[in-house]
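> For reference, the chains in residue letters:
Number of protein chains: 4
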Amino acid sequence: VVRVLKAHLVMLVKQGLIGQDAGARCLEALRQVPSDLPLDPALEDVHMNLEAYVAERVGKEVGGQLNLGKSRNDQVAAALRMVVRDYLIREVFALCQLRSTLLDRAAEHLNSAMPGYTHLQPGQPTTLAHHLLAHHDALARDTGRLIEAYGRINLSPMGACALAGTTLPIDRELVARLLGFQGLVENSMDAVSSRDFALEVGSHMALTLLDLSRLAEELVLWSSPEFGFVELPDEYSSTSSIMPQKKNPVVPELVRAKAATALGHLVALYTLVKALPLTYNLDLQEGNGHLHSLLKAALESTKIMVPVIQGARFNTDKMASALDSGLTATDLADYLTLSYGIPFRQAHQLVSRLAAEADKAGKPLHEVAKSRLQGLLETALGRRVDIRWPRVLEVLNPVRSVSARRLVGGPSPEAVAEAIHHRRSLLEQDLSWAKGAQEALKEADHRLQGEVVKIIGGEKRG
Amino acid sequence: VVRVLKAHLVMLVKQGLIGQDAGARCLEALRQVPSDLPLDPALEDVHMNLEAYVAERVGKEVGGQLNLGKSRNDQVAAALRMVVRDYLIREVFALCQLRSTLLDRAAEHLNSAMPGYTHLQPGQPTTLAHHLLAHHDALARDTGRLIEAYGRINLSPMGACALAGTTLPIDRELVARLLGFQGLVENSMDAVSSRDFALEVGSHMALTLLDLSRLAEELVLWSSPEFGFVELPDEYSSTSSIMPQKKNPVVPELVRAKAATALGHLVALYTLVKALPLTYNLDLQEGNGHLHSLLKAALESTKIMVPVIQGARFNTDKMASALDSGLTATDLADYLTLSYGIPFRQAHQLVSRLAAEADKAGKPLHEVAKSRLQGLLETALGRRVDIRWPRVLEVLNPVRSVSARRLVGGPSPEAVAEAIHHRRSLLEQDLSWAKGAQEALKEADHRLQGEVVKIIGGEKRG
Amino acid sequence: VVRVLKAHLVMLVKQGLIGQDAGARCLEALRQVPSDLPLDPALEDVHMNLEAYVAERVGKEVGGQLNLGKSRNDQVAAALRMVVRDYLIREVFALCQLRSTLLDRAAEHLNSAMPGYTHLQPGQPTTLAHHLLAHHDALARDTGRLIEAYGRINLSPMGACALAGTTLPIDRELVARLLGFQGLVENSMDAVSSRDFALEVGSHMALTLLDLSRLAEELVLWSSPEFGFVELPDEYSSTSSIMPQKKNPVVPELVRAKAATALGHLVALYTLVKALPLTYNLDLQEGNGHLHSLLKAALESTKIMVPVIQGARFNTDKMASALDSGLTATDLADYLTLSYGIPFRQAHQLVSRLAAEADKAGKPLHEVAKSRLQGLLETALGRRVDIRWPRVLEVLNPVRSVSARRLVGGPSPEAVAEAIHHRRSLLEQDLSWAKGAQEALKEADHRLQGEVVKIIGGEKRG
Amino acid sequence: VVRVLKAHLVMLVKQGLIGQDAGARCLEALRQVPSDLPLDPALEDVHMNLEAYVAERVGKEVGGQLNLGKSRNDQVAAALRMVVRDYLIREVFALCQLRSTLLDRAAEHLNSAMPGYTHLQPGQPTTLAHHLLAHHDALARDTGRLIEAYGRINLSPMGACALAGTTLPIDRELVARLLGFQGLVENSMDAVSSRDFALEVGSHMALTLLDLSRLAEELVLWSSPEFGFVELPDEYSSTSSIMPQKKNPVVPELVRAKAATALGHLVALYTLVKALPLTYNLDLQEGNGHLHSLLKAALESTKIMVPVIQGARFNTDKMASALDSGLTATDLADYLTLSYGIPFRQAHQLVSRLAAEADKAGKPLHEVAKSRLQGLLETALGRRVDIRWPRVLEVLNPVRSVSARRLVGGPSPEAVAEAIHHRRSLLEQDLSWAKGAQEALKEADHRLQGEVVKIIGGEKRG
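Protein chains in written order, with my numbering: chain A, 146 to 607; chain B, 146 to 607; chain C, 146 to 607; chain D, 146 to 607.
These aren't lab readings, by the way, just hints derived from the structure by calculation.
Do not take every clue at face value.
One copy or two, either will do: identical chains are not told apart, so a pair holds if it fits within one copy or between any two.
Stated by the list, open to error - Pairs of lysine-lysine, PhoX-like flavour, derived with a Cα cap of 20 Å: (1) Lys-505 / Lys-515; (2) Lys-508 / Lys-392; (3) Lys-448 / Lys-587; (4) Lys-441 / Lys-392; (5) Lys-505 / Lys-392.
Please take these sequences and the hints and turn them into a complete structure.
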């Protein structure tokens with residue numbers, strides 16, 4: 146907020162709307178605002194407090210000039226956009242770090258076979274690496290959305306004043322530039338009344354939390370002794386002294402809950418704005434707290450998942466033992482079709498029969514296959530066949546099955562290694578976007594400080 | 146959905162995974178699927194019904210091949226993405242039409258002065274054109290968001306199968322191309338379990354409805370006899386035969402309500418997906434209806450606002466009479482500061498005093514100014530001044546005040562005319578994006594039909 | 146709706162506001178309205194269609210009388226309240242049936258020990274019966290809320306007309322009585338504009354779905370092979386022919402999803418009504434679909450859970466094997482405190498140490514206790530002690546531990562049997578409330594038919 | 146929370162589970178807990194901090210006893226229920242005060258005629274008193290819901306321990322009684338995992354805010370110069386020094402926004418709990434903040450509306466001038482039907498024609514009636530008629546029309562006066578419920594303090 150006032154003052158001086166002297170005195174006062182300025186609740190908000198602070202130091206006459214060519218409405222909107230853009234950039238950094246962590250852990254587990262689930266039932270064999278990559282890819286899209294939104298967020302509403310601008314010859318572009326904005330929210334009524342920028346970023350961050358909630362849910366599930374696929378680092382679990390085997394996955398539980406929190410704040414924001422006539426209405430003020438809580442929940446949740454994933458000890462033995470040859474029944478049907486020319490439909494029926502027998506007998510599919518496949522296949526084809534048992538066993542082996550899924554996006558170690566490689570370079574791009582955006586803001590701030598110094602110095606020399 | 150099956154079959158034939166003959170027979174059967182295929186509820190969903198339809202015609206042996214290298218999970222995701230992308234393109238068209246209408250109406254009303262409101266209190270003078278442009282600009286951002294999202298939506302999940310792809314040598318890119326997708330949702334687990342694409346477009350369309358709800362609210366307010374700023378076309382109002390003066394603004398009321406509907410469906414979608422472990426769970430099926438209702442509400446609301454805005458009769462006299470010189474009090478303070486060198490703060494106090502007297506006396510500000518300004522100003526400055534009365538009256542004239550707000554994004558007729566001009570060219574860009582996207586889908590479909598004909602023909606010749 | 150018109154007509158005749166003859170003709174026409182009256186969309190809604198239907202049969206002159214002393218606004222509110230009360234009563238019946246089923250299944254499993262979970266980690270030993278009762282009790286509260294709401298729902302808005310009643314001497318109480326309402330929504334503006342009755346019942350039914358979603362979640366979890374605690378009946382699962390061991394718990398997944406659906410509709414309803422000025426606005430019409438979908442989702446979900454629970458095959462062996470003596474560590478600490486006078490804190494530390502050693506060694510707690518307890522205890526107490534081993538083993542036995550939790554509301558078989566007994570009689574009360582409410586509505590309807598017959602007959606005789 | 150610990154300790158002593166001495170020392174320590182106990186964030190929550198505080202004072206040995214027969218899970222649930230019941234009672238008090246204010250203001254305005262609106266169009270004539278009563282009645286239902294909920298909220302979960310109770314012979318009823326609870330949440334798993342009590346009260350308070358948002362919306366509308374029906378007290382508006390005629394209705398805007406806030410927190414709470422397996426999961430902790438914010442928003446909004454309504458200056462002249470004789474067109478049709486025997490339909494058409502002519506000519510209906518009614522009526526009836534002009538003018542007079550709406554719940558001054566009288570006695574009942582509930586809690590607390598003193602004293606004497 147202080148920055149907004151400074152930029153506005155610099156512009157007023159440059160446009161000759163206030164004197165160099167008055168400008169310098171106000172800027173000097175603003176430079177001394179302590180970062181922990183105590184707020185007088187009687188003065189409504191931080192904007193009023195700042196103005197009172199300045200007025201006290203430079204006198205009401207001079208301090209009053211601060212309000213030339215601006216109002217609380219455009220200033221509030223500008224300050225909010227600056228808060229949002231900062232969160233956005235920090236979230237992109239946090240997402241990049243989490244994605245990097247997921248890629249690292251995936252790279253360790255290219256060969257860690259495990260069941261992939263549908264309906265929480267094992268469905269097909271996959272690997273932990275492939276599974277972690279699914280989460281990574283969702284977070285990569287989350288990052289992309291934020292980056293694309295930035296251009297719509299990082300625009301200056303300054304100059305819109307109460308709602309219809311001013312008759313004074315102010316320079317909106319200059320203020321924008323000094324504040325690091327990439328352009329203007331042109332229409333002055335739109336500038337003070339629109340909050341879609343907040344809802345857009347809020348929606349994106351809520352989606353990020355939604356994706357995190359699915360990862361968190363799996364960590365909770367996998368931490369149960371029944372699954373036993375993962376043990377979370379002690380620092381991110383809570384333990385019971387008397388039941389040391391029990392480690393409550395409290396961090397994932399909290400992250401899961403934060404998705405609900407984000408949705409709640411988003412609903413509040415949306416409902417606030419619904420059917421609000423233009424332009425500024427006080428309802429919008431109530432939205433600031435919701436937005437802030439939402440963005441904070443997303444940022445903190447993203448950050449805390451980094452050490453949780455880094456420190457997770459995956460139990461690959463338990464994962465492997467959750468695989469059974471039933472998962473490769475489809476592979477066997479495919480194999481029979483391609484190798485023996487039996488129509489897919491018939492192959493499918495034949496394997497179903499084997500699987501049913503295996504299920505009934507409580508035996509693995511490959512054992513039942515051994516004793517029954519040849520007979521069933523010969524009956525189906527009406528001719529003698531030569532079963533290549535090593536090949537059949539290979540087909541039924543879940544680990545082999547994974548290796549054979551070499552298609553783009555599939556779980557084979559080669560495909561996943563390739564995917565990780567590719568993702569690392571995309572990650573690099575996102576990261577350098579974030580660095581660039583951050584750098585641009587710093588430069589703008591630097592420029593602003595420079596102008597401030599020039600005006601103060603000029604006055605002192607004068 | 147039929148298209149997805151066709152593309153998949155073409156690929157299977159091209160990869161040699163099923164015979165030309167079997168492929169041709171299946172494709173032939175798919176071509177004959179009536180658009181109103183009666184659904185047997187015992188068969189769960191449209192996918193199962195389609196497969197049963199084909200199997201009935203070509204026999205179970207051949208029909209069964211359809212399932213080689215795909216599953217319902219990737220097929221459902223592909224079909225949903227195709228529905229979403231179609232809605233998205235149609236919404237962009239509808240938004241462009243509504244924006245064009247708003248620009249047209251704005252162009253008619255460059256000089257129609259009216260109060261701009263904050264807190265539903267007149268705040269500063271503006272024009273109807275400027276006000277309509279504020280709504281236009283919000284809708285322009287809504288369009289931009291959809292266009293940017295398209296690249297994340299229009300990707301093919303086909304080939305992901307149940308969740309881990311297949312061991313068969315399928316060609317995912319070919320299927321994607323034949324279906325008009327611009328690329329793949331690579332990771333196969335991600336491909337079947339993610340629904341962020343639905344939530345992203347859903348959020349954007351909900352935001353569009355939110356913006357429309359604000360426009361609708363103003364139409365409802367302005368239709369009240371108390372405001373009397375607008376009369377909506379009869380076809381979009383409901384009238385009472387016995388009270389002909391009463392025209393209920395039912396269409397804006399409904400559009401306003403649709404924002405609530407959109408939020409509801411969005412909340413349902415989000416809550417469905419929250420904390421859902423990977424990959425496919427049946428919960429996702431429940432989301433399809435919500436998504437469809439949401440997108441439909443947005444599209445229909447956008448479309449119906451076009452003739453409402455086109456046919457609205459604005460009562461510019463009533464608007465003008467709602468202006469009063471109190472709205473230009475700030476202008477007077479600015480003028481005194483710049484012309485007489487009185488500090489802004491003091492000028493502000495002086496004008497406040499005039500305004501308070503005017504309010505108390507129930508007179509317009511300019512009348513009170515006439516009798517009191519000179520005295521107050523001379524006291525304040527401690528010297529005689531020469532008031533240029535014509536200029537002061539001009540400053541206090543709301544219409545003149547509007548003209549003087551020439552800054553970028555301000556309400557002066559020149560600034561607004563310039564803005565309209567600029568927006569027309571941006572609109573043209575968005576429109577040509579939509580045409581391009583539509584064209585690309587048509588071409589892909591054409592290509593697919595070509596391949597189908599080739600296979601069926603080849604078989605017939607053979 | 147037809148019923149509302151009939152009751153209104155009977156009243157008009159009785160009050161002498163329309164003639165016996167005209168009344169009889171209208172009533173006759175209404176009696177012939179086919180239940181599947183085809184709706185002409187040009188006539189806005191079902192009310193207008195009905196009036197057109199009657200007017201066509203008895204002429205516009207007579208048919209027009211229908212509108213004397215009522216309007217669409219009160220009629221719509223009355224019809225909606227009648228829909229809501231019907232759903233409410235049916236939901237109470239469905240809840241009673243589901244509760245009865247849960248009590249039956251609980252009664253079968255008084256001794257089926259299993260772990261109770263916190264954070265999805267086994268926390269303390271309990272029984273399946275006790276666990277099912279927890280779900281029962283939530284549903285019992287859901288029932289209670291609906292029953293209490295009924296008195297606020299079942300009130301007649303008829304007579305409020307458009308918003309301010311009428312100058313005609315109508316009899317509001319008579320219409321209310323004929324429609325089975327227990328009283329009036331007195332204030333006529335309130336009567337046509339309030340929808341809190343819909344939101345109240347909607348909230349209650351959404352809460353019911355929330356409770357069902359938790360039960361459903363457990364069924365999904367327990368159906369996974371990792372838990373393996375339950376096998377759902379085939380009719381309520383979907384199976385894969387090629388993976389017969391895989392049974393997807395689709396019904397619980399759908400019920401879980403319906404909680405999201407309910408929340409979405411509730412949010413839409415709430416947001417619709419928010420900040421709506423009195424009295425009727427068309428926005429309210431949009432709410433009807435949301436309310437209907439919400440109530441239907443709750444009713445169907447409640448009903449379908451009955452056969453799911455009835456047919457669930459619980460695997461008590463798997464449940465028992467998920468218990469381990471770590472769950473009774475706290476019991477041992479309690480025992481040591483009470484039996485050996487060692488302060489609770491110290492007892493707790495001692496047992497923690499045993500548990501840590503057991504965890505490290507991968508041995509059950511009771512084995513480690515056997516070798517180490519005596520030494521540790523003697524060190525702690527500084528004297529020799531006599532360990533009663535049979536008692537210690539008993540204390541550490543989870544099944545025994547359950548039996549010892551005899552407190553009110555605890556899991557011991559006696560406490561649970563007692564609880565079931567008590568709940569059966571409360572269930573009986575709720576059920577007889579539902580029967581009474583249903584009966585009262587039937588009687589009112591009977592009375593209305595009687596009056597209709599009397600008027601039509603009187604006219605015919607005349 | 147301190148109270149919960151005290152009650153638990155008293156019970157432990159009474160049951161002989163800990164010694165009188167140890168109990169007395171712990172209780173003494175608890176009595177000294179400062180109300181602003183500084184919280185050490187390392188200790189997770191206030192419960193842990195309290196236990197550490199006690200342990201520090203009485204030693205770990207004795208302090209550890211505190212945990213005998215309870216856990217954080219039941220204690221958290223108990224504390225939350227106590228918070229909710231306090232809010233509930235305070236909200237009932239606040240609602241009673243606001244209702245009383247509305248009744249007072251209504252009593253002042255029995256004869257203040259104004260238009261009642263549908264679709265924000267004047268629909269029928271009513272009075273300000275009748276209008277205020279509509280809001281009152283909604284708030285009366287809100288009060289009723291809270292009172293009914295109390296019995297489900299005010300139950301003790303203590304004794305449920307972690308989830309399955311304890312093997313110790315604790316006395317749950319005694320703890321409940323000492324804490325002012327009316328009974329137990331019996332089932333121990335239900336006791337620690339259910340949060341429907343929070344959602345129930347949360348829903349009710351959100352509904353209250355929804356009702357307040359409609360009242361607030363009307364205050365905002367009515368404050369606009371276009372309506373001009375009300376002027377809010379300065380203390381609850383914000384004014385602009387330079388535009389003294391402008392008074393922003395900031396308090397109603399904020400209350401309107403709080404309805405959005407309440408919905409957001411409710412959605413968060415619901416989504417948190419959705420599909421959460423039993424029993425306690427950390428997600429529930431995230432709900433506490435949402436619940437607290439929701440209840441606080443409702444309570445503060447209810448309270449602040451009291452002085453706003455008390456201080457509102459209604460402009461009854463402006464209201465009266467918004468009435469026009471078009472509003473009584475229906476009355477005229479009714480009159481013609483009843484007095485001249487012309488069928489209602491025809492009367493309706495005839496009046497419609499008059500109204501259309503009046504609208505076209507820009508004249509009031511009664512003027513046009515004067516010149517045209519006789520002719521039209523005679524044509525319609527085919528005979529000469531005698532128009533009783535004074536009666537017709539009376540019928541068309543909106544103020545007279547209001548007086549004639551004498552039906553129960555109608556706007557006639559008599560009907561409204563009667564309604565106010567009746568509501569005052571219902572209000573008295575609700576108020577005395579609130580006093581009774583508050584009294585009962587105080588008594589319980591008194592009893593608890595008595596027992597504490599007895600134990601501490603007993604020990605000191607001992």
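> Between copies, within a copy, both or neither: which fits Lys-441 and Lys-392 at Cα up to 20 Å?
Neither way: Lys-441 and Lys-392 sit 27 Å apart in one copy and 35 Å across, limit 20 Å.
> At 20 Å max between alpha carbons, let me know whether Lys-448 reaches Lys-587 within a copy, between copies, both or neither.
Intra 23 Å, inter 44 Å, cutoff 20 Å: neither.
> For the identical chains here, do Lys-505 and Lys-515 meet the 20 Å Cα criterion within one copy, between copies, both, or neither?
within (16 Å within a copy, 41 Å between copies)
> Cα distance capped at 20 Å. Does Lys-505 pair with Lys-392 within a copy, between copies, both, or neither?
between (37 Å within a copy, 14 Å between copies)
> Given identical chains, is Lys-508 near Lys-392, meaning Cα to Cα at most 20 Å, within a copy, between copies, both, or neither?
between (34 Å within a copy, 18 Å between copies)
When each numbered hint is compared with the structure, violations occur for hints 3 and 4.
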